[in-house]
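Turn these sequences into a full structure, and let the hints steer you where they fit.
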Amino acid sequence: MTKEELKIRTKLFGVEIIKFLYTLPKEGISFALTNQLVRAATSVGANYRASLRARSSKEFIAKLGVVLEESDETLYWLEIMKEVPQFQKSKAEIERLMEEASQLTAIFASTLKTLKSKQNLKS
1 MTKEELKIRT KLFGVEIIKF LYTLPKEGIS FALTNQLVRA ATSVGANYRA
51 SLRARSSKEF IAKLGVVLEE SDETLYWLEI MKEVPQFQKS KAEIERLMEE
101 ASQLTAIFAS TLKTLKSKQN LKS
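Numbering (my numbering), first residue to last: 1 to 123.
Treat the hints with caution; some may be incorrect.
[As the list claims (entries may be wrong)] 16 Å max Cα-Cα, derived EDC-like pairs, lysine to aspartate or glutamate: (1) 91 <-> 4; (2) 19 <-> 95; (3) 89 <-> 79; (4) 82 <-> 59; (5) 19 <-> 100; (6) 118 <-> 79; (7) 82 <-> 100; (8) 116 <-> 79.
Hint data in this document are derived by calculation from the structure and do not stem from the laboratory. This one's a predicted model, so the numbers in the text were calculated from it and none came from an experiment.
This is how it looks when you write it as structure tokens:
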């Protein structure tokens, strides 16, 4: 996957999360959960774009580390929502979004592992 394709994919992921959240109830604790989820999910794409503007390989790796944290946090909030009875009507959509969050997390973890090993070889 190219950098441009991943840039588009992470943005689309944020958009899909936002669209999904509009379908959920807006009361009580669900507001706090959805707020956390939208912040983490949209941060994946925003921080990935920022990583592409890094001025050095160290800065790129650091910024990509933030992307990995945010994609994993997104997965965490989706896992929480999947377990909450009030969101059971949306379980299939939550699982679909979890799969994408999981794939993005795996992509960024693998990329970071490769970059760090290459950096250690140069040191």
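Cross-check of the supplied hints:
1. 91 <-> 4: This hinted pair is violated, its Cα atoms lying about 31 Å apart.
2. 19 <-> 95: holds (15 Å)
3. 89 <-> 79: holds (15 Å)
4. 82 <-> 59: violated (35 Å)
5. 19 <-> 100: holds (15 Å)
6. 118 <-> 79: violated (33 Å)
7. 82 <-> 100: holds (15 Å)
8. 116 <-> 79: Violated, at roughly 29 Å.
Of the numbered hints given earlier, the model fails hints 1, 4, 6, 8; all others are met.
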